[in-house]
Structures are given as C-alpha cells and as structure tokens.
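Asks: Take any residue in the sequence shown, note its place counting from 1, add 13, and you have its number in the working numbering.
Think of the hints as simulated: they come from the structure by calculation, not from any bench.
Ideal Cβ positions, reconstructed from N, Cα and C, are used throughout, including at glycine.
Check before you lean on any hint, since a few could be wrong.
Taking lysine to any residue and the SDA-like style, the derived pairs with C-alpha atoms no more than 20 Å apart in a straight line are [what the hints assert, rightly or not]:
#	residue 1	residue 2
1	K296	S268
2	K573	R563
3	K161	D299
Derived CB-CB ranges, DEER-like [unchecked claim]:
#	residue 1	residue 2	range
4	R494	A628	35 to 43 Å
5	K569	K85	47 to 55 Å
6	G622	G380	49 to 57 Å
7	T215	P82	34 to 42 Å
8	P82	E590	49 to 57 Å
9	K512	K569	36 to 44 Å
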Amino acid sequence: MGKFASRIGLLGLLAIGTAAGAQEADNAPRDPAGEVNTFIGTTNEGKNFPGAVLPYGMVAFSPEQVAMPGSKWPVLSNGYEWNATGMKGFSLTHMMGAGCAGSGGDIPFMPVTVNVDRSPELSVSQTAFTSGFSHADESASPGAYSVKMKNGVQVDLSATQRTGFARFTWPAGRFANLLIRPSASEVGSSDAHIEIDAATRTVKGWVTSGNFCGQSPEKRRSYYTLHFVAEFDQAFQVGGTWENEVLKAGATSASGGTSYGDYPAPPLGKGSGGWISFRGAKKPVDVRIGISYVDEAGARANLAAESPAGTTLEQVRKQARDIWNAQLGKIAIEGGTPDERTVFYTALYHSVIHPTIYSDVDGRYTGFDKQVHSVSKFQKAQYANFSGWDVYRSQVQLVTLLDPQVGSDFAQSLLNQADQNGGVWDRWTHITGATGVMNGDPSPPSVAAIHAFGGDKFDLKSAYASLLKAATVPTALDVKRGGQRNGYGQRPGLDQWLKLHYLPADAAVWGAAATTLEYAAADFGVGELARRVGDTANVRKFRERAGWWRNLYNPKASPKGGYIQLRNADGSWPDFEPGTGEGFVEGSAAQYLWMIPHDPVGLFEMMGGRETATARLDAYFKDEKGNWIITDPETKEGAGKEHPELGNEPSIGDPWLYNFLGQPWKTQAIVRTALNQIWTNSPGGISGNDDLGQMSSWYVFSALGMYPLYPGRGELILGSPLFRKAVVSRPGATITILGNGAGTNAPYVQSLTYNGKPWSKSWLPESFLAKGGTLGFELSDKPNTSWGAADKDLPPSFGPKSK
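Produce the entire structure from the sequences given, and follow the hints as far as they go.
Replies: Encoded structure:
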C-alpha cells in the first residue's frame, strides 16, 4: 500500500527534515503515489486533509473531527487537524488548504457502537456519537484512508471522481449503528433532507449549504445543493430519524437544516438526519455513494457509471492508486533524499486536487444562476473552486503545464460562471457561490497564464471581451461605498482606479494599497490577453495601467527609502511605518514593496537604481548576522514585519527578484533555504495555509529550478534544481532537467546548457513550454557570482513603454 499506507505512529509527529548525507534513490519511482505523505500540512495552519480523493475529484472522502483540546469549536476548515483527538464523522466534500471555515464537510457518515436514544442535535449529545482515535491506528495514501477508532469500528475509505466508497467493520457484540447527517456540513446548512429505504438498501437525500468564510452576516447564505444516493451491500434495519431535538424511532424521512448562526459553527439544537442498524452483521458493511450538485438522478447516474453494483473497495483503491501514479508520474524525479522525494511528490499531489470537477458524467451542472447547464463545446468538464488571490501566482500554471485540457476547461468554467453571474468574475468561487473573499481581480492573470502554459481549448475571445469590459466599465457593485471589506463586485473601487490611477485609503476594499498592486497585476493580465487576440491598442493601454502602482510609491516614505503606501484621495500621504499592515492584506508594507512581478526593473528605478535596490533587498532578506530570513515562526502571515514571509503569497515572488539584479546566486540560496526550512516530511511540514495547492505548487516549481513570476505570461525565472534529474511529460513536449552535482546543500549554478548549448540567461522563453527541451545544470555548494550576471542575461521587465 506504499510508504505512507503503513501506520505513522509517534514518528509522524517529528519534522524529520533533510540531511545531506541521507541515501539517495537512483531511479525514478514506479510508484510515485507511494512517496506521498498525505498527512503533510494537517497542522501548523496548513489546513490540508488526509482523506481519499482523485486528481480534481468532486468527492473528497475524509474525516470530520471534534474540537481541538481547549477549543469550543470542532475542526471547521477541511475537517481535520493532526492534534485533534476525536472523530465525529466522515464526509464527502473538502477543499485542500483553505484558510476559512466552510470548505465542505457535506454528508458525514458516523459509525457508532452505542444505542441511538436521543437526537444528535441536543447539546448533551455532542460527545455521545463521537469516538477517539490514535494516529497509531490511522493510515492514508493517495485515494485511500483508514482508521480504527477507539469505539472499535474500522473505517476504510476510497473514492472515484464523483463517488465515495466506505467499508465499516463493527466489533462483535456491540451496537452497529450508522448515523447519516445531511444537515451537518462544516459551517451548517439552510435545509437538508434524508430518506431511508430498507427494501432497496438505499439512503438518499440532499443538503443546501454554502457560507464559506461567512464572517459577516450577509455572507451567511446558501448557494449550492448537494444530492447523494448511498447503496449498501447488505440488508439493514431502519433505526429512525431526527429533526432538531426530536428523535423519531422507526421514521424513514426527515428534513431541516442547522441554520448558520454566528460564524464559524452552526448553532446547537437544529438539523436533521437518520440512522440505520446492522445488528447481527457477519461481515464488514460496504457502501457506495454517488453525489451530484444537480439532482438525485445525477447522483444515481454518477454512481452507476463510476461505482456500479458489485464494485469492491479493493477495486476502487487500486483504480485510485493507478490514477494517482499516472498523474504524479508526469514529473519523474531521480536523486534526492527520501524525505525530499516525499515532500516533492506530496506537494505535487496537493497541487492537483483543485480545481474540482463539478459536472456530472452526462455533462450537466448547476450554474451560478442556479439553472441547470451542460458543458460547452470547448469542455470535457465544468470545474469549481477558484481560490483566485492564491492560485493565479503559480498553481494554475502547474495544473495547465501537466494537464492542458484541465487548464482549458477551468478557464472556460470561469467564463461560464461569469456569464451566469451578470458578467462578474468572482475572485474566490466556491461551488456555485460568488464569495467575494480576498482582494484584487485574479481572473485576468489566471486566464492569461492558462493560455500561456498551453491551455488554449477555451473561448479566448469571449473571455477577453468579458474581462475587458469588467476592467473598464464600473458596475453598481464596483462603485458601492462602505459595507463589508470583501465586496461581491469584480473590481470594487474601479471608478476610483480609473479616475485617480490608484485606490485611495478610504476605498471600499480590503487593503487599498495591496489592492492597487493586485489591480496593476490584473491589468497586466488583461494586456496579455489583448496581445493573444491581437488587440494591440489595448496591449499598450493596459501596459500603461499596469504601471499605476507607481502612484503609491512614496520616495520619502521612510528614512530607509521609498515604499508603496496608502495615499489619500487628495494625493496626501498618511503617517507611515514600513512594518505596518494597514492598507495591506496578510502582509506588511515592507513585504508588498516587492510585489511588482511584471516590472521589477521599474521598481528598482523608482528606488534609485540597481545598486540601491540590491542593498534594500539584501536588508529585507538578511538578519544582522547575514543569515537569510525566510519566515518568522512567531508571526503568521508576516503582518507588522519588515522581512519576508515565504509561507504566504505576498512574499513568494521576492526571492526571484535577484535575477533581475544580476545576482541569481542569491535567488538560488534563498529558494533552497526555504525548501529546506519551511517544507518538511511531517504533519506541520507546510508553514501556513496551502491555499488549494498554491503553496505546494510554489514548492514544485522551486524544486524543479524555475518559477512563473510574470502574471499571465509563460517565461520562467530560473533558480536551481533540487534533484539530479527530473522529466516533465506533457502533451506534445518533454522537459528534462539535469542537475549534475545536485544536493540539499548544493544550490548554486556554475553553468547551464539548453539543448546542449551554453545558456547564460537566468530565465527561459515561453517557447520552452511548448517545445520542451533539456536543461543541463552544473551545481555546487559554492556560488558562481558571474553566471547570469551580465545585462544581456537578465530577465525582461514589462513596464509601460516595453514591447
């Protein structure tokens, strides 16, 4: 069952790290899924889940846990935390690494060994139908999860794209009851329903939920309905149902949601569900579960197509393993320590769980307009769950690099959603909900990046036309003032952006200075889409708009030099400190200063030139002793700090800026330090939220020795490879990366060849993605300060006047 299908036990708590002297593997793995540790990122705010899921799978079958010690709330973001001690169910939907509560947890099943003599919704019932567990009795691998709980029940889970498979084995001589709680989504529900049919060995129902990141009352709303059909392999007895606090023994149906109450958890005393009994069962109980966001017929069709009657757990697990091996095998690595290989393949695993397939096997899906649609002529599937603020930086690029059809389908899915949402491309979509979470406008750089990385099978012209209109014609939501910090408009404050060429301090956005930088990147993305459709006038226009970040650069902001800072609508500057988080999002002014990924050279010029910029970047990345600063473990997200936080998105492009200063050896050193320090083979082996695979995708690119810094373009900034060899297989091209002398502590490039010819540039052209080729790195533990240092070898920077 692979390396991490065995029991983890106490050793799983330890951050084993990487050791230069550890034994290296000589050949690419035949079973890369066996290299994955699905428990990485399940604590330390990683917010990952360990359960059974396929690449881009609609079903993610994973535990729901009770409250952490000392907390009154159950685990609400992704259902699982390594340090939690009890289980309260196993549910069918989850999102990987989302920071907010409300990322699924739909339709939990809970096997218990006690009599069901009260409603599980009663406050006194909150521990009655749960069970403790030990990590010594838990195992997981891609597509499989197992645990033997302290109540004696063995739980084994697996999944196809749209179905879940569970096996429950009760201990002899005990009650054998199975609770099914359709209303108990992680942050509640507005309605739910269950029907039990013993004659056909079926339980079915639905839940209406939503409420992702619903801190404000207006966000505590439902926007999707999930239908399920569960078919059991053996007869059961009807136990009964409950509605709110009333138990109804022998009843076969019930309805009612929990409501939402105060964020994050739903109130006690409300909800509905049912239970069935397997008294006298002589063998384990198998259940196949189909789901659909359209209707019951869709759930049944998905079940019949992907897990028909007679399917076994062993068959589903083998299929899942084969699918994961094919997916992970698209990047074959050689060399590295065992821990480095596990961290790499786990990061790759986490990178391709999202976006989530959302359409049924017949192509139907429910749109943002709540109408039933079918996938377009461009698509094979409709996708959901767009963590835009996060994933536009490198995750959509990695997905498209490996799976161009998925990238294409995702771009078309975003366009479909916008068409169904009044033309608004929401920046953080959850199922059929526009949540308005985070800031900026990440759709233009995301769609442009998908196209740049080979995802060209979508309606590019229509996507461009829609995004162009959204960037130039303010809507009523865009011009709305006041209210919540995360508005539902695509570009809150767009009228101010067009008038002032920056967002003023009182703009109705979260972090006006940060959002100014995000809008600059978004406009650069619109310009890139214009370039791809041949609209040269708008290429020039949006290149100029992408330079409006300069209007927030105050050269006299601090004795240390100029900074990006808040600015009032009248042009005046408020008081300022570089470590402030005011006006920024999950970061400080010192961190956001460097977030001009499309035009670093323009920033350096504003600072006074290359020499000054280098000195300031050095001061940002180094402590008083000259050691590289990667992250501050005492302060999550780096807010209020004057140094980088490479565990969060605003800083992750910063190490790559040294290439533009002619000092790529510093990029190589910092990136390798981050790979070695932040990422470990342990439950806490990710520093901060994985954000639907964004942070894991940063690791994958960095370990390969390259990074897609430019928003919406396909050029790659070069670092250095961690492994002796990596082969990236994608449709129509193969990329081979050779690292002669590669090792944990050998990050420095001595020389490089591209298809056998010397290559002194510290970047690669977009054509490399389409054509592939072989990169031959010579690596050492000592820097070569001359490679990539000449002006002719610096990466391009795209300012307002650039071509």
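Asks: Now look at each hint and say whether the structure bears it out.
Replies: Checked hints:
Note on K296 and S268: the hinted pairing is violated, with a Cα-Cα distance of about 32 Å set against a maximum of 20 Å. At roughly 18 Å between alpha-carbon atoms, K573 and R563 fall within 20 Å of each other, so this suggested pair holds. Our distance criterion of 20 Å between C-alpha atoms is met by K161 and D299, whose separation comes to about 16 Å. Between R494 and A628 the beta carbons are some 41 Å apart, a value that agrees with the proposed interval 35 to 43 Å.
Against the hinted window of 47 to 55 Å, the Cβ-Cβ separation of K569 and K85 comes to about 49 Å, which satisfies the hint. A hinted range of 49 to 57 Å holds for the C-beta pair G622 and G380, which are about 52 Å apart. Look at T215 against P82: about 39 Å separates their beta carbons, and that is inside 34 to 42 Å. Hint check: P82 to E590, Cβ distance near 37 Å, so the stated range 49 to 57 Å is violated.
Distance hint check for K512 and K569: the Cβ-Cβ separation is about 25 Å, which falls outside the suggested range of 36 to 44 Å.
Checked against the numbered hints given earlier, this structure breaks hints 1, 8 and 9; the rest are met.
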